Amino acid sequence: MSFSPANLDLLISGLLLGAVYIAVAVGLSLIFGVMRVMNFAHGEVVMLAMYAAYWAHEAGGVDPYVAGLAIVPLVFLLCVTVLRRFVLWLVQSPPLVQVFATLGLSIALQNLALVLWGGNYRSIQTPYSNAMVGLGPVHLPLTRLVVFVLAFALVLGLHLFLKRSFFGKAVRATAQNRRTAALMGIDVDRVYVLVFALGVSIASLAGVLLMPIYTVYPGGGFQFALIAFVVVVLGGLGSLPGAVLGGVLIGLVEVFSGYFIAPSMKQVVYFVVFIVVLVIRPAGLLGQRGSEELGLK
Amino acid sequence: MVKEQKRGAMLSRRGVAAGLGSLMAAPVMPRRAFAASGELRIGALYPLSGSLSVLGTEALAGARVAVEMVNEAGGVGGQKVVLVEADATTPANATNEARRLITREDLKLLVGTYGSSISLAIAGAANQFKIPYFEGAAVADDLTQRGYRYVFRLNDNAAAMAKTQAQAVQEIFAPKIGRPMKDLRIAIIHEDSAFGSSISTDFIAQLKQAGVTPVAEEPYAASTQDLSSLVLRLKELKPDVLAVTQYFNDAVLFWRQARNADYNPGYFISIGAGQASPDYRRGVGKDGDGVLLADVPSAGVKPEALVPEAAATQRQFVARYKAKMGKDPASHATRHFSSMSVLLTKILPKAGSLDPEKIREVTMSLDEPVGSTILGFGIKFGDDGQNTRAFNVVLQWQNGQLVTVWPERFATAAPIMVPLPNWADRGPA
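Residue numbers (numbering that gives the first Met the number 0), protein chains in the order written: chain A, 0 to 296; chain B, 0 to 428.
In case anyone wonders, no lab produced these hints; they're calculated from the structure.
Watch out, some of these pointers could steer you wrong.
[Said to hold, decoys possible] Partial selection, computed: residues in chain A whose CB lies under 7 Å from chain B: (1) L16; (2) G156; (3) P262.
These numbers were taken from a predicted model, which means no experiment stands behind them.
Note that beta-carbon positions come from the ideal geometry of N, C-alpha and C, so glycine has one too.
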């Protein structure tokens, strides 16, 4: 395959799309890695954050990025206060209860959005909606570049935080063995609540960043979450570098197969890749065997 | 005392005169099977909850205005029309609700709906019980091709949309650039549900008649998060004409990504789905200007194009709908009003009863010229139950407004931006 301008365009499109998937998948991966909870309402967090940014822009005239500065901390606060009990209940429930609780929440939130705002597809126009940034021979849409930069910065920051900081060590200890961690004097409840809050606020950040690019509707978050699940499982459950690798891989496979095979085939192609990877490496690309029981890498 | 007697006498004289009058009139009036009073109950199935509810509710509101106007004018044959409403959200649910209305509510006539798969489900159930069903807005060609004897559609179908899509190339673009249609390279992209696929199939058939083979047909899933690969393929292919059928989400995504990748389609003709909504204009801003679509004249038919009676009905409908819903009627509400209005004023009074054969006979006998319904359609039903005088017009976004640009009889403005300017020559959105 020669490196023609079209291939360069495809490579960039694929990477930018991969960054979108990573932004949505990181929070999911983090929560699963530490709490062993597959949060099926993850997409709805993205959707609600998109609505929040939408209404801030439409009703208040506030730029979505600026609104994000309020939305994300608010979501975090909400998680550590109002939702605290729910989080602790969730983490102690049997897996089946966790699945149905979060799946039920997902359906309830979708319908709540439908009742509140109707089924309309809503999108916003900002002064920079069509802004392009020139980097050497290529031009990148600014809004997607922002997602790309922030997604990678976020993963890197999170990775360093977990590896280097004291609290990060406590998080990893809790993920590896909750009982022993508690015996070592770690407040595991606090770890769970904070990790949950962190994961959910990252999802809300993703929603805010996606609003200038995409259209929001009640079922919209679910579409993103579906791919996030593929990304997380492909990369290895609970592995942050895995989520990055999975996101980039799916983005590239989607764009290249859409171009060289057919746009209608791209989902088929990435699900084939997904299945093949799982057959060869059941734990995902960077996951460890039994990761659903063992800890965050 | 005397006064009272006199009044009594007058009353009775008037009564006798009225009685005589009706006796004299009786022989020339059609056989009246409707009781002179009471209610005429019609089942109305619409998606009123769930994701289709926005347009479903608007469609029902349009139908209600038609009922209200007929009732104020004395009803149908003296009977007050009552809609028995049911929520039909999915095909399975629509089948159940249609059966319930027929068997439990004992209804003899159904109307609806929005969404082709729901429509097919209701039509199937109605056909089973030989109950007439009047479809107001769903466009699947299939609906009137299944041999259902009592299923009728006054409004346009996918074939009519695709035909206008082809006409928009032949009548607007080809003359403008001075090249015959058969020399044009035409590419088709469409979302891959039954809606997009059926319009695309019809469009290809239309092109075939004109001796054109499309250079590409690219289906994709409307739920996608990325259309950059499709945009880059088109950028490479450089067709003269891009014909599209898109829902809302993918319509906005495609247009934004086309701009990002600097893909410049010379001519862009779409279908009244994604591109027809005011939300589309909000999503793409000024970039939407120049986009063409085949649809019913949702921006309102100019009254000169209608017969006087239809023009008066249109005025009344728009005023009443606006008072009720607080906004102008969009295409679905107008389609449903029109369909219901024709049913209640032109079909049922003549049929005189809800006998399905009688209703079919009257429906088939209608023969009215173009311009006699508020969407501009004439009325002449084909054997299959599809109105053959339903059609689409070409609309265009111009300075943020949707205007009718073709054909001349219905046009409110001339087409602009043919061919479309390059992105580099456009201002910011």
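Comparing the hints with the structure gives:
Restraint check, L16(A) versus chain B: the minimum CB separation of about 5 Å is within 7 Å; hint holds. With a cut of 7 Å, the hint placing G156(A) at the interface with chain B is violated, because the nearest CB-to-CB distance is about 25 Å. Using the Cβ-Cβ criterion of 7 Å, the hint placing P262(A) at the interface with chain B is satisfied: the shortest such distance is roughly 4 Å.
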